[in-house]
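In order, the protein sequence lines correspond to chains A and B. For what it's worth, our numbering labels the leading residue of the first sequence as 1, then goes sequentially. For what it's worth, our numbering labels the leading residue of the second sequence as 1, then goes sequentially.
The set of hints was computed from the structure by calculation and includes no laboratory data. Incorrect hints may appear among the rest.
[Stated by the list, open to error] Pulled a few chain A residues facing chain B out of the computed Cβ check, cut under 8 angstroms:
| hint | residue |
| --- | --- |
| 1 | 4 |
| 2 | 21 |
| 3 | 22 |
| 4 | 27 |
| 5 | 28 |
| 6 | 31 |
| 7 | 32 |
| 8 | 33 |
| 9 | 41 |
| 10 | 46 |
| 11 | 50 |
| 12 | 53 |
| 13 | 57 |
| 14 | 60 |
| 15 | 72 |
| 16 | 74 |
Positions of the beta carbon are idealized from the N, C-alpha and C atoms, including for glycine.
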Amino acid sequence: MTAALLGWSILVAQLFLGLGMGCAAFRLMRGPRAQDRVLGLDTMYVNATMLLLTFGIRTGSTHYFEAALVIALLGFVATAALAKFLMRGEVIE
Amino acid sequence: MPDALILLSSIALPFLGAIVAGLLPTHARNAAAWLAGAIALSMLAFVWAAYPTVADGGVVRHAIPWMPALGLDFSLRMDGFAWLFAGLVSGVGALVVLYARYYMSAEDPVPRFFAFLLAFMGAMTGVVLSGNLVQLAFFWELTSLFSFLLIGYWHHTAAAREGARMALTVTATGGLCLFAGVLVLGHIVGSYDLDVVLASGERIRSHALYLPALILILLGALTKSAQFPFHFWLPQAMAAPTPVSAYLHSATLVKAGVFLMARLWPVMAGTEAWFWIVGTAGVATLLLGAYVAIFQLDLKGLLAYSTISHLGLITLLLGLNSELAMVAAIFHILNHATFKASLFMAVGIIDHETGTRDIRRLSGLNRSMPFTARLALVAAAAMAGVPLLNGFLSKEMFFAEALSAQTSQLFLLQILPLAATAASAFSVAYSLRFIHGAFFGPDPTDLPRTPHEPPAWMRFPVEILVLACIIVGILPAATVGPFLDMAAHAALGAATPDYSLAVWHGFSLPLLMSFIALTAGVALYIGLQKQLRSAPDGPPMLRSFDGRRMFERAMVFLSWRLARTLERLLGTRRLQPQLRLLVCVAILAGAIAVQVRGLGPGNVMPSGIDPVLALVWVGGAACAFGAAWLAKFHRLAALILLGGTGLVTCVTFVWFSAPDLALTQLLVEVVTTILLLLGLRWLPKRIDNPATRQAEVVTLTRRLRDLTIAISAGAGMAGLAYGVMTRSPPELLAQHFLARAYTEGGGTNVVNVILVDFRGFDTLGEITVLAAVALVAYALLRRFRPAPDSVEIPEQQRDQSAYDEARPDRSEGDTVADWLLVPSVLTRLLFPVIILVAAYLLLRGHDQPGGGFVAGLTASIAIILQYMIGGTHWVEDRLRVPPLRWMGVGLLLAAGTGLAAWFFGRPFMTSYFSYLGLPLLGEVPTASALVFDIGVFALVVGATVLILIALAHQSVRGQRAVPRSSEGRAAATRVAGDD
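Same shape as in the complex, but just chain A (with noise of 0.2 angstroms):
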């Protein structure tokens, strides 16, 4: 029961952790700023570490656990060097 009802509680999550990175796929695309557009990759990011997470206690595995690690800390480099880009209109200075 417990098990089934785990199973279940996962398949779920992991769904509207789908569906949250589709809404922030799609605020990449409409925009309509730049701003918009970046803050989107970030919410992607995060939502595909929980998806990472959610994996792997699917699985029972814990090498997810670390590619969730390690999007965790280097996924907001790409999202520093893009909001640096737009703040300064350039990356390193």
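Could you slot chain B onto chain A? The hints should help.
The following block gives chain B in isolation, referenced to the frame of chain A:
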């Protein structure tokens, strides 16, 4: 003395000496000369040490197995024939070294000259001692290369550069033909070993591929020996310093061609094809060279054409298909080397002491340099074939052969003696002109220098050689007889005919021909006096027929007109057409493969669709489409969308249980985004010229065409991927790796074990390429000048600076410092954390997802992050990352780990693993592959940081650079090299 020592020292000594001489200081003229002389003399001693063996008809051999499976050994072999040549190379070499010591000016970089000369000596010895045909071709090309360097030694003069280039083009192309010919010959015989080849003459001559092999090999030999129609490079090569001409163009380089023909004579000669090709080239060269030589104004030019003519004589003798002619050819090779080397040296002395080689300005030198004049007189007489000198003997043998030649074409038999006599008369005429023009007549006027005798040691080599001419000329059988006999027996084996080396053979037809030639030559010279005095450079009638000009025309056509035409037809400066071409070729290749092999459905049933993955993929696909759609007009938006696609790819990798790939993909994604953003700043604006805008319909057609190409490439790629993934893979390699990863590689992460152990050599190659790419990117960016429309400071920065300047309580840069306060604190705190993760990924990579590449990317992201938020100056004042040193250390570590296996007697790149008992940690698995992985890590960090920082430094350049402390600037220089 052991054979191996003799042979290996003869080859290795000159090359080692060349390296040492090359390292000497520029003005170490005497040290270099002593070194070169000592090496040439010890080579001569080594060659002499082999004499007892080869004199008994023995062969000195030594072979070092290299690739036995392919029949390729490094094999050295010295029989009597090779011995003679090796002696010639080292003996004349020693004399030339002594001569060059006095000839070369103190202002020239003399050690470099001796380095080239020694290297050439080594290459030439390699040619004559090679026991393997492929190896012979290799040394052959080396002689071309070093002769290029020697001819172009005075590279500040245009003549030297052009002469060197022409010699290299002609002889190296010939060498390439020779290589192809040798491969064909090896195919016919089934072995490249010279002994085997020499033993299979019948098989070679009767084989269907005999003619192609013959033509290719002869192309090599005839170009090298400056035979008509390839003779034109030799006169151009006279721009070389005279010692080079005396060595290369009398005794060694040009003799390589006739050496090869004589070497292969027993197995390739004796056919009509050989007679026609070699004989025709020889007789044409003999006559043409001798005729043109009469009309040269430059003394060296005269000797060059005379050399061409004498080489033609040797070639003709080889082409006559008679054993006696072969003996005469070997004899003439020796004789020509002695008198021509001494004549070149005499010309060098004249040039050195008077400052000119122009025959019109020189005269009457007999009075100012009597001794040199007498030496030159004897040598020139030998060249003309005057009795009691060595040139006379071989010329008599040549006449006898010309009279008794055997061929089915009767008219040739009548022409050959005539041609021989005519060429001999020409050679008398040009020898007379040389001596009479330079040494006799009235005293010279307005010479650049006052002529006088050269230093005694400069004349010494000439004296030795002239003495040889006289002694051999008077007592041939007692002096040169045994050596000639030995060489002839080695080259011809049991077929060596009886011949007699004597000055006097009684009254015979050859003697009459000699007499006629001498008289006719003198008469010709006297008759031509008037014309020679007034005529310009070059022979009458043939002046417009110039091989050099044809060569130049061909070169201009090939390297300029043809290249330009091809560039106009195929080239473009725009990226899109190039990409289009590439993609079209790829589509074509794929289509052909499908056409030939078919692309049916696979044997694996597709599994059901996972709704979550499908959902994520819809988002990812939308991002991909969006990126393509916006790529042209909204580069930044396209870049952000690409980030989304990359993330979805990464999730997909995880989904299909490839955590290694997912990690790598993610990190590459981040680094690529930063890289593209850095580049985006400097991209020029779109090329948008209304004047060249095409009509609407043309644009539409182009877009439709591009759409078709894009769709077919994408669909093809997808189809291919589908085809591959629906098949069960061949179980060969994957099973092999899975089974052996732990037992033999000591790691449970199979991907990493493959990278650092099973396929470690590939990885080593890949990181080397990565290092090269990083260096190239760095080198290109050092000279990078941005497009005019992207030079100005970005709008945002101007606004923020204006805001700061407008307020008295703020200074420039305050706004950005305020805005970046929180990110900068956060990133500084994160730096050690990210480095820790990098170390973690590196150390555990052998057993779990991770490894040197991923760890290197992680560490470089940490560094780049500091650059982004802190700014270049801030980081470089605090953190010193010398990327070049990182790359170098990485490469050394990786290669060193591979090499270390050698010390344990294992093949290159064998890895080792065991369990180490460490305090506190207990049993820890360790593998030498970890050291290799650390090397990969260091290189990836260095390469990534180097490229990104080189791009980033564009912003700090030029007028944009702000004043900063001297310490900071020094640090910046250390990081970025020179700016």
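Here's how the hints hold up against the structure:
1. 4: 18 angstroms, violated
2. 21: 5 angstroms, holds
3. 22: Constraint on residue 22/A satisfied, holds at 5 angstroms.
4. 27: Where the cut-off is 8 angstroms and the nearest Cβ of chain B is about 10 angstroms from residue 27/A, the hint is violated.
5. 28: 5 angstroms, holds
6. 31: 7 angstroms, holds
7. 32: 10 angstroms, violated
8. 33: Because about 10 angstroms separates residue 33/A from the closest Cβ in chain B, which is outside the 8 angstroms limit, the hint is violated.
9. 41: 5 angstroms, holds
10. 46: 11 angstroms, violated
11. 50: 11 angstroms, violated
12. 53: Interface hint status for residue 53/A: violated (11 angstroms vs cutoff 8 angstroms).
13. 57: 13 angstroms, violated
14. 60: Check failed: Cβ of residue 60/A comes no nearer than 12 angstroms to chain B, outside 8 angstroms.
15. 72: 11 angstroms, violated
16. 74: 6 angstroms, holds
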